[in-house]
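Trainee: What follows is the residue order along each chain.
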Amino acid sequence: MRPELKIPFILAWKHLLRSNKWTLSLIIFFMSIAFINMIFVPSLFNGIIEGFNYQIINASTGNIFITPQNGQDYISNSSAAITAIEETSGVTAASPQISVPGILKYDGRRGSWSVYAINPTKEKRVTVVSQKMIAGSYLDASDTDQIILGKGITGTGSKEDEINPFDLRGVQVGDTVIFSVNGTDTPLIVKGIFNTKFDNTDNNAFISQETLKKINPLYVDDATRISVKISKTGEESDIIQKLEKRNIPGNIYSWEQASSLMSSISDSFLSINVILSIVGTLIAAITIFIVIYIDISSRRQEIGILRAIGIKPYLIRAMYIILSAVYSVAGVILGTGLFFAIIVPYFNFHPFALPIADATLVVGAGDFIARMETLIWVAIIAGLLPAVFITRIKLLQAIWGGK
Amino acid sequence: MDSQHPLISVENITKTYHLGEVKVPALNGVSLQIERGEFVIITGRNGSGKSTLLRQLGLLDRPDTGTIRLQDEEVTSMNEKQRAALRLRKLGYIFQEYALIAELSAVENVMLPAMLLEPISICRPRAIELLHKVGLKNKMNNLPRQLSGGEQQKVAIARALINHPTVLFADEPTANLDSIAARDVLEVFQRLNQHEQATIVMITHEEEETAYGHRIITLADGKRL
Numbered sequence: 002m003r004p005e006l007k008i009p010f011i012l013a014w015k016h017l018l019r020s021n022k023w024t025l026s027l028i029i030f031f032m033s034i035a036f037i038n039m040i041f042v043p044s045l046f047n048g049i050i051e052g053f054n055y056q057i058i059n060a061s062t063g064n065i066f067i068t069p070q071n072g073q074d075y076i077s078n079s080s081a082a083i084t085a086i087e088e089t090s091g092v093t094a095a096s097p098q099i100s101v102p103g104i105l106k107y108d109g110r111r112g113s114w115s116v117y118a119i120n121p122t123k124e125k126r127v128t129v130v131s132q133k134m135i136a137g138s139y140l141d142a143s144d145t146d147q148i149i150l151g152k153g154i155t156g157t158g159s160k161e162d163e164i165n166p167f168d169l170r171g172v173q174v175g176d177t178v179i180f181s182v183n184g185t186d187t188p189l190i191v192k193g194i195f196n197t198k199f200d201n202t203d204n205n206a207f208i209s210q211e212t213l214k215k216i217n218p219l220y221v222d223d224a225t226r227i228s229v230k231i232s233k234t235g236e237e238s239d240i241i242q243k244l245e246k247r248n249i250p251g252n253i254y255s256w257e258q259a260s261s262l263m264s265s266i267s268d269s270f271l272s273i274n275v276i277l278s279i280v281g282t283l284i285a286a287i288t289i290f291i292v293i294y295i296d297i298s299s300r301r302q303e304i305g306i307l308r309a310i311g312i313k314p315y316l317i318r319a320m321y322i323i324l325s326a327v328y329s330v331a332g333v334i335l336g337t338g339l340f341f342a343i344i345v346p347y348f349n350f351h352p353f354a355l356p357i358a359d360a361t362l363v364v365g366a367g368d369f370i371a372r373m374e375t376l377i378w379v380a381i382i383a384g385l386l387p388a389v390f391i392t393r394i395k396l397l398q399a400i401w402g403g404k
Numbered sequence: 002m003d004s005q006h007p008l009i010s011v012e013n014i015t016k017t018y019h020l021g022e023v024k025v026p027a028l029n030g031v032s033l034q035i036e037r038g039e040f041v042i043i044t045g046r047n048g049s050g051k052s053t054l055l056r057q058l059g060l061l062d063r064p065d066t067g068t069i070r071l072q073d074e075e076v077t078s079m080n081e082k083q084r085a086a087l088r089l090r091k092l093g094y095i096f097q098e099y100a101l102i103a104e105l106s107a108v109e110n111v112m113l114p115a116m117l118l119e120p121i122s123i124c125r126p127r128a129i130e131l132l133h134k135v136g137l138k139n140k141m142n143n144l145p146r147q148l149s150g151g152e153q154q155k156v157a158i159a160r161a162l163i164n165h166p167t168v169l170f171a172d173e174p175t176a177n178l179d180s181i182a183a184r185d186v187l188e189v190f191q192r193l194n195q196h197e198q199a200t201i202v203m204i205t206h207e208e209e210e211t212a213y214g215h216r217i218i219t220l221a222d223g224k225r226l
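Protein chains in written order, with this note's numbering: chain A, 2 to 404; chain B, 2 to 226.
Worth flagging that the hints you see were computed from the coordinates, not collected in a lab.
Since the structure is predicted, the reported quantities are computational estimates derived from the model, not experimental observations.
Do not rely on the hints blindly, as some may be mistaken.
As the list claims (entries may be wrong) - SDA-like mimics (lysine to any residue), calculated; alpha carbons at most 20 Å apart, straight line: (1) Lys91/B - Lys243/A; (2) Lys243/A - Ser90/A; (3) Lys82/B - Gln97/B; (4) Lys22/A - Gln147/B.
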């Protein structure tokens with residue numbers, strides 16, 4: 002190795018070791034803030050998307066969603082289908098639901114809400130409705146005259162309720178609501194009220210299959226949809242293939258296919274994320290440029306002296322590349338520490354409350370590494386530019402300024 | 002190396018600075034020769050062109066016209082890379098303001114120019130020896146801020162000597178020093194000149210300091226008197 006090549010490393014090391022510790026700490030702190038700024042937004046979007054995904058899978062469709070075959074209103078002989086589905090490897094549980102068209106009435110108010118008859122035991126294994134009871138309790142399989150209502154039906158208690166003429170405002174656990182099907186009124190006792198925070202589900206009401214049999218004695222073993230829970234999210238397509246081989250009588254979709262909402266949200270967030278990432282990178286670049294520029298400007302005379310004693314400009318630039326790389330790596334380490342030790346836990350305890358999900362910060366490994374690399378490269382370029390500038394000015398101007 | 006030729010030969014150099022629209026002539030046709038082993042004092046009033054001349058000789062700046070030859074090699078037309086190499090290998094320059102690197106210790110400051118050419122194992126002992134010569138062996142690990150002005154200037158002298166320069170340029174090296182420290186520094190120069198035949202070109206405008214030199218060159222209004 003040529004002896005001169007060690008000069009930038011020695012100068013950078015001594016600079017880090019002996020320069021003002023407050024200044025050094027401040028530079029690294031700025032770097033860490035720039036890095037946090039770069040990872041916060043994608044983490045938030047990941048968190049929102051993951052929150053939505055969780056809600057769709059766990060509060061609505063399950064991982065896999067089966068609808069009647071084209072031209073059919075029902076999945077007939079659903080018990081056999083459920084057995085076949087549950088025998089498929091990778092499937093945890095399957096729950097049949099049958100839509101019961103009707104009108105719910107309470108205290109002079111009425112609304113055409115979606116009411117589904119379910120097998121409470123199976124439903125409990127597929128969705129989280131049973132865990133989201135905010136009043137009363139969940140259905141039992143043996144219930145014959147009870148109903149659980151989503152919070153969208155009972156009213157949220159907010160001002161928005163004033164403009165919703167259809168909710169059963171004021172209904173409470175133990176009250177009786179009237180479920181009117183084909184002109185026949187059936188009184189049902191409100192056994193519980195649930196709030197999954199997923200509007201599609203919270204605007205539903207559930208009764209047991211036994212209750213449906215009481216309302217409609219002609220009910221046979223049909224289902225309007227089957228929700229399937231699998232053991233490992235992400236393996237939906239494999240399991241769909243297996244189900245198709247078993248000739249399950251229905252159209253089989255993954256939760257993503259079943260929810261057009263999700264793909265439109267993901268696409269929108271992707272676009273916003275790209276724009277904000279570019280802005281974040283620019284902010285980081287400008288911050289780092291300013292920080293390094295101020296650092297270099299304050300050492301202009303020293304750089305002039307280095308040049309005067311014969312140190313070639315490229316060695317001085319190399320020193321600043323090393324310093325910028327060290328600053329940025331230290332900033333990434335500090336930023337990572339602050340992010341995972343303070344910011345992520347804070348938002349785990351205080352998630353962003355969105356209308357359909359609570360969003361926390363979720364860091365994707367790919368995003369994290371990409372932004373880490375971006376910050377380091379941006380820092381190196383932002384550090385190199387002022388170093389090139391300062392080593393190009395006239396030697397006398399660098400040492401003495403002015404003329 | 003041809004010992005028939007002077008070490009430095011300056012022919013009719015001019016230098017004009019441009020301060021916006023205003024032209025300020027600093028050197029106006031200066032010629033001189035410096036022989037090996039000489040201790041030359043350049044003196045003159047403020048604004049006479051002393052520092053400008055020394056910067057041309059030390060290859061920190063280029064004259065507008067005229068030529069400078071070092072060991073009979075024309076150096077004014079060299080590119081910046083060649084001039085940097087010459088500064089490193091053949092010239093030692095001592096600044097009025099010490100010009101040490103704040104984050105390097107005394108010994109590190111001294112060995113810095115040598116580290117560009119040689120391994121640390123070779124240049125460190127030489128740096129220590131030079132600090133010993135200028136009387137700072139016991140402060141070699143001090144940072145510049147832990148040294149007095151005179152001590153910092155001695156470190157700068159040791160740094161200028163580390164690569165065995167052909168000639169040593171000193172731009173008012175005692176200007177920021179008290180009289181005792183100034184005498185110390187001048188005695189270091191005198192010893193180097195007398196015992197090691199170092200060629201020294203030093204600027205001063207202190208009358209009593211001119212006594213240390215063999216020859217005095219006086220400038221006024223950018224010309225030799």
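Trainee: Run through the hints listed earlier and report the numbers of any the structure violates, in increasing order.
Mentor: 1 and 3
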